[in-house]
Each structure stands twice: as C-alpha cells, then as structure tokens.
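> With chain A held as given, fit chain B onto it using these hints.
Protein chains: 2
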Amino acid sequence: MKEKLKGNLLVAQSGGPTAVINSSLAGVIQEGWAHQEITGIYGALHGIEGVLYEDLVDLRREKASTVEGLRSTPSSALGSCRHKLTPQEYTRILEVFQAQNIRHFLYIGGNDSMDTAHRVGQLAAENGYDLRALGVPKTIDNDLAYTDHSPGYGSVARWVATAVRDAGLDTEAIGVVDKVKIIEVMGRNAGWITAASALARDHPDAAPHLIYVPERPLVTERFLDDVQRVYDRLGHVIICVCEGVKGEDGRTLVESLKAIDRDAFGHPQRGGLADFLCRQVAGELKLKARFDKPGTIQRVSMALASPVDLDEAYLVGQMAVRHAVAGVSDRMVTLVRESDEPYCCTTGLVELEKVARAEKVMPDSYLNQAGNDVTDPFLQYSRPLIGGPLPRYVQLERHPVPKLLGR
Amino acid sequence: MKEKLKGNLLVAQSGGPTAVINSSLAGVIQEGWAHQEITGIYGALHGIEGVLYEDLVDLRREKASTVEGLRSTPSSALGSCRHKLTPQEYTRILEVFQAQNIRHFLYIGGNDSMDTAHRVGQLAAENGYDLRALGVPKTIDNDLAYTDHSPGYGSVARWVATAVRDAGLDTEAIGVVDKVKIIEVMGRNAGWITAASALARDHPDAAPHLIYVPERPLVTERFLDDVQRVYDRLGHVIICVCEGVKGEDGRTLVESLKAIDRDAFGHPQRGGLADFLCRQVAGELKLKARFDKPGTIQRVSMALASPVDLDEAYLVGQMAVRHAVAGVSDRMVTLVRESDEPYCCTTGLVELEKVARAEKVMPDSYLNQAGNDVTDPFLQYSRPLIGGPLPRYVQLERHPVPKLLGR
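Quick note, the sequences are listed as chains A and B, same order.
Under numbering that gives the first Met the number 0, the first residue of the first sequence carries the number 0, and numbering increases by one thereafter.
Under numbering that gives the first Met the number 0, the first residue of the second sequence carries the number 0, and numbering increases by one thereafter.
So that you can see chain A by itself, here it is in the shape it has in the complex:
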C-alpha cells in the first residue's frame, strides 16, 4: 500500500450505455466527497476521448440533487466511446494526467476499458508518475471474468424477462393468427442476456419455449424441428435468440447471411438474424412468424432496472474510490457472491490485466444438452440479480360451460 496521495480524481464511462452506469458514477462522486486527499472530481466526456482532447468537466460543481438523480437516470451521463488508443495516444493521456494533476483514474466499462486503464497505469509507473488506475465493472453482456456478475446485467435481464413474458402472453392470446414469435436479444459471444429470458416463465408451458445462445451452434434443421415440436404441443411458439448466435462453422449466422447475400446478389445483407429465421419458419414449416427486435431499448430502461443491480453498480463505484485513496492500483472491483438465499454480495479486487484478457461465456452446466434451453443452476444464479420476482399475473381457470349444441 502506498501513502496517501493528494490530487484530482478523474472518472470516465465507456462502451454501451446501461440502466445503471450512472449509479456507478454517483457512487464515485459521492464517495469522492468524503475524502480530503481528493481535490478535484473531474469527468471525461465520451470516455477516454475526453482525456485525449482534454474535454473534462468539473463534477464538484454539479448540484448534489443532480448527482443523486444520476441513480435514477439511465445511459451514460458523461457520454461514452469505443476507442482503441494508439501508443502515441497513451503518451498524450499521460501528459493530460500530469498537466491536470490526475492521481486517481477510475474507468467504468468492460474488458476493453480494463485494458485501457491497465496500460495507462503501466505507462504512468514507467514514467515515475504516481497514479492509481482502477476499473469499475460495467457491461450488460455479463462477460467480464473474475466477478460473479457485472453491473448492468441484472437490469437488462429483468427487462428481457419482463418483455418476453408479456410478448409470450400476447402470442398465446392471438396465436390463432401469429403462431411463432422470435425475439432477438443482444449479445455477441455470450448468451447471458438471452438466457435470462427463462426468468419469464411462471408456469411450465410459459414463454420462452426455445432459447438459442452463441455457446451452442444453431443448426437450421434442428431449429426447425424444435419449433415444429413445440408448435405441435402448444399451437404457438416463442423463441429467444441471441443476435450473436453461431452456426456449426463457428461463424455468426449474421456473418454467414451477409456472405450468402453478397455471393448470390452482390448487394449487402438485409434484415438480419430474426428476419432470416422467420422466413425459414414461414417457408419450411408454413407457420406465420413475426419478430420483435427491441435493440438498444432493452439496455437502458430505468423503469425496469433491477434494484439489486442499481445498488451494486453504486457500490462498485464507491469501493473503487475507497481502494484508490487507500493506495490500490491496477485493479478492477469485483462482485463476490456470498450466498444465494438470502442473496448476499460483497466486493473484491482483481488485476486489470487478467480481466482485460478474459471473456466469460456461459458454462456448460447452465445450458441443456439439446442446446435450446437453460438449466436450473442458471436460474438459481440469475434469479437474485433481477431484484425480486416479476409482478404476479393471473390466469383464468377457464371452467367450461357445457356445450348444448352439436357442431
């Protein structure tokens, strides 16, 4: 542990926005107020780009009510970016830090951001500039390793579970018209968000009936068999499919579709995954299919944010400041699950470099053999993260009235 270091704190937000990333920002600012060794509390606009261009804002001048209001405001209040720094740019970052006397750098983001924070810290050390660089985890994708889960995930999981339950009831009611509904869910290499749709089920035949994630290949013939089987049993089918789902060749279906389109017609791909699968279902099974693609709406909904997620996002921001003033550097704050029931989570630390190099996909034990559903251990893992059960819906018992006429 190093001695206490007086200077300015700089916080930045990176990658895709979430419902709770501003809660982490609020945690950083409010905890920052409590430490005398933190002089200025600065925010960089649009992530590391704000540092590069010295676009910094003075967060101490924000009203206390605004800072508190960040806890119920989704998206990234400082603006975000996706920027891979060049070596020259790293040098520039350090120059800005020196000029602005930045001594605590907190980067809220995913594994690319952890890589950036690590390299900035490394360069500072090489140049004898005393800097504490810490990572604050954030990603709806839940693909950060060494942490039980990532802030942002619980809220998108609650959104998806809620939307799929609602959209499932919709198809159940009007299934005489639209037999098959495909809901395309966010996610690149990891199916965590799509898998969370299973939390929608409040009875055995409830939606979703089929779940496809990138960890298991989606083979069109098997997919169509799955759809037909559910349809024969229930008369309607709700399918959740991850946008990053892959074929047996390991390429995403979207990549393959682009290639097919280009090969055959020489024009760029259209429609995308859910649209393609709908056309397969309509063409091969002769069932009317439609798709919902909520897109970015799913990741920034404050109305459906998980209270557990909001609190944990705040906590990791707060803890990053405490660790920084205590002399910790080159670490990301992690969430450590102490128990499932009652759910209890504390925080830990992990080396930034380890997080930066890793990607956490769903383990085999969370997915069924057929590759079209999740298992109970996944439900046990994910249920506490959405912050309480979904509100109860009723189902009519439907006691039949005796028929008095023949056909």
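Think of the hints as simulated: they come from the structure by calculation, not from any bench.
Hints are not guaranteed to be accurate.
All copies of an identical chain are treated as equivalent in the list; a pair is satisfied when it fits inside any one copy or across any two copies.
As the list claims (entries may be wrong) - List time: in silico EDC-like cross-link candidates among lysine to aspartate or glutamate, alpha-carbon distance up to 16 Å:
1) 3 x 129
2) 402 x 94
3) 62 x 396
4) 353 x 231
Chain B alone, transformed into the frame defined by chain A:
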C-alpha cells in the same frame, strides 16, 4: 328503454392484445356481480370463435382475487382472434346465444368487432330474440371514431415515450459510434402511437428528432434531407417511424419494398421498413444507422401501463354492463373528455354501425407542415392519457475544466 331482461351475459375479447384489455374484462365481471338480472357470466374463448365453437367458460366460478388480478395482467385472458364471420356463421352465433340463453353480449375490441356486435344484434332483432349487444372500445391504434381516445392507447403511448427517451439517451451517449437510430413503431393507417413518441422530449434537442406517420407521405429524398439537417446540428439523430408509413403513391413503403424485391430478384421481401431506411441512411448519407423494432412488446407492457388508461378500460367495461341491464343495445361505450386540465373524462354511447364504418386518423392540426413532427395541440391531447409525466431524469451541467495543454 326495454324492460329488465333476465339471462346470461357473454363477454369476449378481440383483435390485438393490450396492456389494459383485461381491465375491461374485470370491469364487466365485477359489474356483472352487482345485477340480479344477470344470471351466468360467461366468457368466449378466442373472441367470436369461442361462440362459434361453443367454447365458453363460466366466469362466475373464477376466484374474486383472480378477477381483481386481471386489472394488473396484460394481454387477453380469454384469448383473442381476428375472424370475419360468414352469413352462415352469424346464424350459428344466434343459435348458440339462444341455446345458452345469452341476453347480454359485450364485445371488447376495435371497429371490426363493433361491426360483428352490430350484425349479431341485428340478426337477433330480425329473429325476435331479445338481446343487448354492446361494444367495449379497445385498440392501441387509437383509430376508433366517436370516442375521445381508445383504451389501450394511453399505455402503448407511455411505453413508446419511455422507450424512445431511453433509446435517445443511449444514442446521445454513444453517438460517436451509432449516429442514427430508427425506431419502428406499430400502426397501420393512423400514426397516433408513433406520434406519442414526442412525449419523450424533456428538452428542445431531446429525442425523437423526426417523426413520420402514415397521414403524411414519406419521400425518401426529403427524409434524407431531414436526417442530414438534424445530424449537422446535433451529431446524432433519433427517428420514430410508423410501420404503416406511406409513399406519395399512397402505398405503404413496406408494400413498395415487397414489389421492388420481387421485380428485381424474384424473391420475397426481407427486413422491412426500418431496415430499408437504415440502408438508405448508410448508403446515401454515409452515416452508421441501426434500428430498434420493439414489435408486440410495446403493446402489452404492464410495467409501463398508464394508470389513467387502466382505470378508463375498467370504466368502459363497467358502463357497458350498466347500459345493457338498463336496456341499451347496438351501442359502443365512448370516452368523452370533459376537460384537459385537470384531465377529466366521462363516458357516452355511439351507434355500433357508425363506429364500425369509421377510422380516425390524426387530424391535420396535430401534424406539422413538413410532415416530420407533431404539433402542440397533439401534445395537449395525448399528455393526460399516459397517466402523469415520465419520471424525471437529470442532466449534468458539464462545467468545463480549463484546458492546460494545446492540441
């Protein structure tokens, strides 16, 4: 007014599900309990099809808590349908009504359902069978005439406003990557739902920046000019477009796309409207564009249902029963706005046939000249329907830190 008529009441739900159509059902059942002349309270499964096949359920045998729970359960608990009856089928309907001693028929739905209810009532009258046929308005599309608005609309409006505000903040934050976002909103000939996205704006530059509805032609060149102009000013653009939007030839763009695809390549259309517009923006303006298409998710969200809408949906169900037992027939219950501020709405009645024949699109005064936005009178009309303002979000004031380095 006819004298009191003892017999069974039959209620059915039709068309697209909504967040509040079960509230109307609860209103019917609970009001039904209060009238001695109503013996059985029956529900038809899947709308008029349940009558055709005599698939009726005894709603008096449902638990009181289940009936109350309908008020917070979205979609159509009895199941829905889209079924245009043949003359033979109308005869069959009357036979079932006679056999089951149905004396009060309440049909919850849009203008097709009002047509069905009217014809059933007419046939009963011609055959000297005493029946009270009443319509209970329901449609997210808000296109029923002779009523200030339709139950179902306020809730989808609240959902869309909320989602567009969130998705707008998302693009604002990460706009350095995705410059343009197109959100495809439900609606065939009427742009009411898409227009409600304007309720998302909590400051002058907030999303949505452009709104396109079927009441005004969408001309691609003008659309691209609009997008470029907003982009030049703000650096990002959020666009809400109704799925039923039309070109200058009066055909929907989706129909035109189908025709183009078939002509050129002989294969069916793919992707659809938002995808097409994204490709136009990317191709012509060289701006990265993405689309969100929430689809059915938008119409059945209980989490974002408007409390005003829930109450009014209950009220129209309740009033339909009261009118039926008072001897009214061949009428739909309407909502009559008494005042905007404070918002106050009562109910009225209109002939089923008049409603069945009409479709209410947005009046000129609710749309701007350029055909890419709504006007203040529309905001005044729609604001009370979503049941209170959206929760407040904060914005950082962003006081700049002085730059100490040159570029």
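> Look at each hint and say if it fits the structure.
Do the hints match the structure? See the list:
no.	hint	verdict
1	3 x 129	within (11 Å within a copy, 89 Å between copies)
2	402 x 94	between (84 Å within a copy, 12 Å between copies)
3	62 x 396	between (54 Å within a copy, 9 Å between copies)
4	353 x 231	neither (48 Å within a copy, 42 Å between copies)
This entry does not satisfy hint 4, going by the numbered hints stated previously; all others are met.
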